[in-house]
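Between the sequences and the hints, there should be enough to build the whole structure, so can you do that?
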Amino acid sequence: MQRIHRWLALGLMLCASGIAQAADIHEAVFRNGVKLVVEEDHSAPVAMVQVWLKVGGRDEVPGKTGLAHVFEHMMFKGSKKLAPGEFSKRIAAMGGNDNAFTSHDFTAYFETVPADRVDEVLGMEAERFAGLRLRDEEFQKEIRVIQEERRMRTEDDPNSHMFEELSAAALRLHPYRNPVIGWMQDLQRLNIGDVRAFYRQHYVPGNVIVVVVGDVDFAHVKQTVARTFGHIRARPVPARFNPVEPEPLGPKRVEVHLPAQLPMVAMTMPVPVWQPGKNDREVAALAVATQILAGGYAARMQKELVDEQRLAFSAAAGYDPFSMGIDLWFAYGMLGPKQTPEAFETGFWKLIQHMAHQPVDEATLAAARRNMIASEVFAQDSLYLRAKEIGRMEVVGIGAAHRDDWLAAIRQVTARDVQQAVARWLKPARATTGILIPEVKS
Amino acid sequence: MRRVFLLLALLLISHTAQAVPPIQEARLDNGLRILLMEAHQVPMVAMQLNVVAGSRFDPAGREGTAMMLASMLTDHTAKHRHEAWNRLLDQDAIKLGSDVDVDRLSLSLTVLREALEPGLDAFAEALLRPGWNRSRFASLQQDAIAAARKAREEPGVVASEASRALLFGAHPYGHRAAGTPASLQRIKLRDVQRVYDRQVRPRGAVLAVSGDITMAELLSLLRPRLQAWQGAPEKAIHAIAAPAPVAGKRKDVAMHTTQTLVQLVRLGPQRTAEDFFPVFVLNHMLGGGGFGSRLMEEVREKRGLVYGVYSYFVPLATHGPFVITLQTRADQADEAARVVRQTMQAMADGHISSRQLKATKDNLVGSFAQRMDSNRERVGLMSMIGLYGLPLDYLQQWRDRVQAVSLQDIKAEAARWLKPATWNEVRVGPAGRR
Numbered sequence: 001m002q003r004i005h006r007w008l009a010l011g012l013m014l015c016a017s018g019i020a021q022a023a024d025i026h027e028a029v030f031r032n033g034v035k036l037v038v039e040e041d042h043s044a045p046v047a048m049v050q051v052w053l054k055v056g057g058r059d060e061v062p063g064k065t066g067l068a069h070v071f072e073h074m075m076f077k078g079s080k081k082l083a084p085g086e087f088s089k090r091i092a093a094m095g096g097n098d099n100a101f102t103s104h105d106f107t108a109y110f111e112t113v114p115a116d117r118v119d120e121v122l123g124m125e126a127e128r129f130a131g132l133r134l135r136d137e138e139f140q141k142e143i144r145v146i147q148e149e150r151r152m153r154t155e156d157d158p159n160s161h162m163f164e165e166l167s168a169a170a171l172r173l174h175p176y177r178n179p180v181i182g183w184m185q186d187l188q189r190l191n192i193g194d195v196r197a198f199y200r201q202h203y204v205p206g207n208v209i210v211v212v213v214g215d216v217d218f219a220h221v222k223q224t225v226a227r228t229f230g231h232i233r234a235r236p237v238p239a240r241f242n243p244v245e246p247e248p249l250g251p252k253r254v255e256v257h258l259p260a261q262l263p264m265v266a267m268t269m270p271v272p273v274w275q276p277g278k279n280d281r282e283v284a285a286l287a288v289a290t291q292i293l294a295g296g297y298a299a300r301m302q303k304e305l306v307d308e309q310r311l312a313f314s315a316a317a318g319y320d321p322f323s324m325g326i327d328l329w330f331a332y333g334m335l336g337p338k339q340t341p342e343a344f345e346t347g348f349w350k351l352i353q354h355m356a357h358q359p360v361d362e363a364t365l366a367a368a369r370r371n372m373i374a375s376e377v378f379a380q381d382s383l384y385l386r387a388k389e390i391g392r393m394e395v396v397g398i399g400a401a402h403r404d405d406w407l408a409a410i411r412q413v414t415a416r417d418v419q420q421a422v423a424r425w426l427k428p429a430r431a432t433t434g435i436l437i438p439e440v441k442s
Numbered sequence: 001m002r003r004v005f006l007l008l009a010l011l012l013i014s015h016t017a018q019a020v021p022p023i024q025e026a027r028l029d030n031g032l033r034i035l036l037m038e039a040h041q042v043p044m045v046a047m048q049l050n051v052v053a054g055s056r057f058d059p060a061g062r063e064g065t066a067m068m069l070a071s072m073l074t075d076h077t078a079k080h081r082h083e084a085w086n087r088l089l090d091q092d093a094i095k096l097g098s099d100v101d102v103d104r105l106s107l108s109l110t111v112l113r114e115a116l117e118p119g120l121d122a123f124a125e126a127l128l129r130p131g132w133n134r135s136r137f138a139s140l141q142q143d144a145i146a147a148a149r150k151a152r153e154e155p156g157v158v159a160s161e162a163s164r165a166l167l168f169g170a171h172p173y174g175h176r177a178a179g180t181p182a183s184l185q186r187i188k189l190r191d192v193q194r195v196y197d198r199q200v201r202p203r204g205a206v207l208a209v210s211g212d213i214t215m216a217e218l219l220s221l222l223r224p225r226l227q228a229w230q231g232a233p234e235k236a237i238h239a240i241a242a243p244a245p246v247a248g249k250r251k252d253v254a255m256h257t258t259q260t261l262v263q264l265v266r267l268g269p270q271r272t273a274e275d276f277f278p279v280f281v282l283n284h285m286l287g288g289g290g291f292g293s294r295l296m297e298e299v300r301e302k303r304g305l306v307y308g309v310y311s312y313f314v315p316l317a318t319h320g321p322f323v324i325t326l327q328t329r330a331d332q333a334d335e336a337a338r339v340v341r342q343t344m345q346a347m348a349d350g351h352i353s354s355r356q357l358k359a360t361k362d363n364l365v366g367s368f369a370q371r372m373d374s375n376r377e378r379v380g381l382m383s384m385i386g387l388y389g390l391p392l393d394y395l396q397q398w399r400d401r402v403q404a405v406s407l408q409d410i411k412a413e414a415a416r417w418l419k420p421a422t423w424n425e426v427r428v429g430p431a432g433r434r
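Chains as they are written, first to last, in this note's numbering: chain W, 1 to 442; chain R, 1 to 434.
Treat the hints as calculated values from the structure; they're not laboratory data.
Check each hint, because a few of them may be wrong.
25 Å max Cα-Cα, derived BS3-like pairs, lysine-lysine [said to hold, decoys possible]:
no.	chain 1	residue 1	chain 2	residue 2
1	W	K303	R	K188
2	W	K89	W	K141
3	R	K411	W	K89
Simulated DEER-style distance windows between Cβ atoms [to be verified]:
no.	chain 1	residue 1	chain 2	residue 2	range
4	R	E217	W	H402	34 to 42 Å
5	R	A165	W	V237	51 to 59 Å
6	W	Q140	R	S353	23 to 31 Å
7	R	Q342	W	I192	27 to 35 Å
8	R	Q24	W	G318	39 to 47 Å
9	R	Q403	W	H402	40 to 48 Å
10	R	E217	W	K278	42 to 50 Å
11	W	R133	R	A242	50 to 58 Å
Backbone N, C-alpha and C define an ideal beta-carbon position, used for all residues, glycine too.
What follows is the structure, given as structure tokens:
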């Protein structure tokens, strides 16, 4: 930890606006394609082990949405050496926690454990990866659990239900149009054969990135991974589905009528994602623009649309430059009883136009950059976030080694860059607008 | 030679580092208690001030008052209007937050080490120089009313409102801190100021700090900034009557959802209860421990009825709620509720093995280090210890006290807490099923 600190101090001297950065990253690639990334931190006797797979919702075929996520659940349902549920029980017995998450771009399995149990955990992870038992009886129970998960997260949540409809309407080709959890109609028809086929095709060593952050020694972890994941037989790695989304031809609108208390309005549009060395300036500028719109306490959407014009009781925007292919940039307003979607939309686009035509003042720009860099420092406080950042950058093809380049790009963004990025990508003619309209039921 | 020695010392540290970093304690002249855990690996400082000004001080019919106070304190000050204040915070990446639970109001600060001084200036200004701007109050109130109405789209919020009313009635714990649209509407600025004047006082409050700083530095920065703050709150943390137990009641709330939320509730132990640790271990075994727990095993793993089923109790100055909660497709609600009650009954009848107890304790003891491996978590734990007056070696003792829970203890606690007849039930979902 001594080293992190020195590194940070050095960074602070180099850059007047303040800078974050973490410890060195150690990497190794094994012959079968498995990659290992380690970041040592000896400040507490714990470690975070994350196994990242280059498999997610985008790799499903039509009619089988939700399969990547179903598969994630099945990873806990028994392997050659472990009975169903036993994986988690063993992790719990060593004082650990385990879970997993699935997105369009990846599936990740993670365990936080006492540092001296890392070898054992890696052994268990490799064993279930290579020797999963996919029993129909377990699948039949688990698919019901997942349908309950969908009811809870989507069917009974009008706001997320609206966002699902909005994404589906916004895109024609790109897989971000389908929900990761899957359409209920697909979930009702999946079977164990689908799950087995998905396993054979995608759970191959060339899709694996093992990330370990915590009180470990890289050389030792490397030996352990060589012995476990490194021993799985190499198999062909299927190409990932990453189509080019056609450019929008004009504005689109969807209305969603659901039981709800108050309306909500959201706009979304496809925007580029970061390709290191190719579009750093433009993508960093878009990230800074989003920070100025929705990031700090003085965020313009909050200040102008909520506080001054009173067009919503809450408003925000979001952009993920580390997506794959494109990202769906979004903004939304939560509307109170007397606030209308039309007024919010008008106010929002006026604000965007202002940003496209007027350069942002230097103080606002500096504050945006400083907050983005500070949040990187604050993220170093959590092993989970650190490992997650490494895993995400690896799995979408950016590479964790590029972490510093992102901060460098943020630091170089000028007022003119912000203007240009907004003018090029955030336009009514490129947007799909969704409105949640509360349905009156008796 | 020296180098070898150092290396050995490092090895020893990293393998015996199960030891918990000590909490350092100091007191300012005004009575404010300061607790600090040093953590120098990331150049940041996090802190949380807890004052005895939670939602239990909301005037009847004006629920949400303490939450409005929390919003007002961080919104602007007497020296800075809203807009200038926000720019000042953003300029130095100062994260200033406020929050309310039943017993306490908290003010929190997260800053880069290099921005500590402006961060502390802002923190003290928010705490000691409230602005009470009327037009900002009106806007915040309107936004809070809309947010409270929006929150009614969430079955969990509707259930929690019903559970609190059922369990606590007119007791000060009987409402959500966020209030309701109607109660928020009735709040006047002077209600908010009254809670501030009466309760936001240094004696009985605690400031918990974790990060890249020493106690000497911290005190030299805090003294000049907080010395004007004086006095004791009108009501101290433990000055609250115990609620009367309620059992066997049932409340159904209609909502247009596909699932029914089933919530079982009763009173739980208070924070300072003698049997806190046995009940804590019992709850972890019942439904607090995620996948290892008995409810998750019976309701999800064996029957596939739910995505999740959880139990927790909220230990407060007096008895808070003990809750078991799940969501399932509406036509399965009866079955899920039945399985939960059977599981509770089996445990109350003493069907708990020593192997299960060992697994539960192993998980708790082994994962203890994770409970405090970030500044945010350390600050949360210390501010709780300080607020409720727990001993400062609480964290050092924690694992031993979990280990000391015997099979006999746990069976006795199960018989005391888990008999289904001592619980109440709330359901939120499509009407007309019962």
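Each hint tested on the structure:
1. K303(W) to K188(R): Cα-Cα ~24 Å, so holds.
2. K89(W) to K141(W): Distance of about 19 Å is within 25 Å: holds.
3. K411(R) to K89(W): holds (22 Å)
4. E217(R) to H402(W): 34 to 42 Å: holds (36 Å)
5. A165(R) to V237(W): 51 to 59 Å: holds (57 Å)
6. Q140(W) to S353(R): 23 to 31 Å: Holds, since Q140(W) and S353(R) (Cβ atoms, about 29 Å apart) stay within the stated range.
7. Q342(R) to I192(W): 27 to 35 Å: 30 Å Cβ-Cβ, so the 27 to 35 Å window holds.
8. Q24(R) to G318(W): 39 to 47 Å: holds (40 Å)
9. Q403(R) to H402(W): 40 to 48 Å: Given a distance of about 46 Å, which is inside 40 to 48 Å, the answer is holds.
10. E217(R) to K278(W): 42 to 50 Å: holds (46 Å)
11. R133(W) to A242(R): 50 to 58 Å: At 52 Å between Cβs, range holds.
Every hint, counting from the list given before, is met by this structure.
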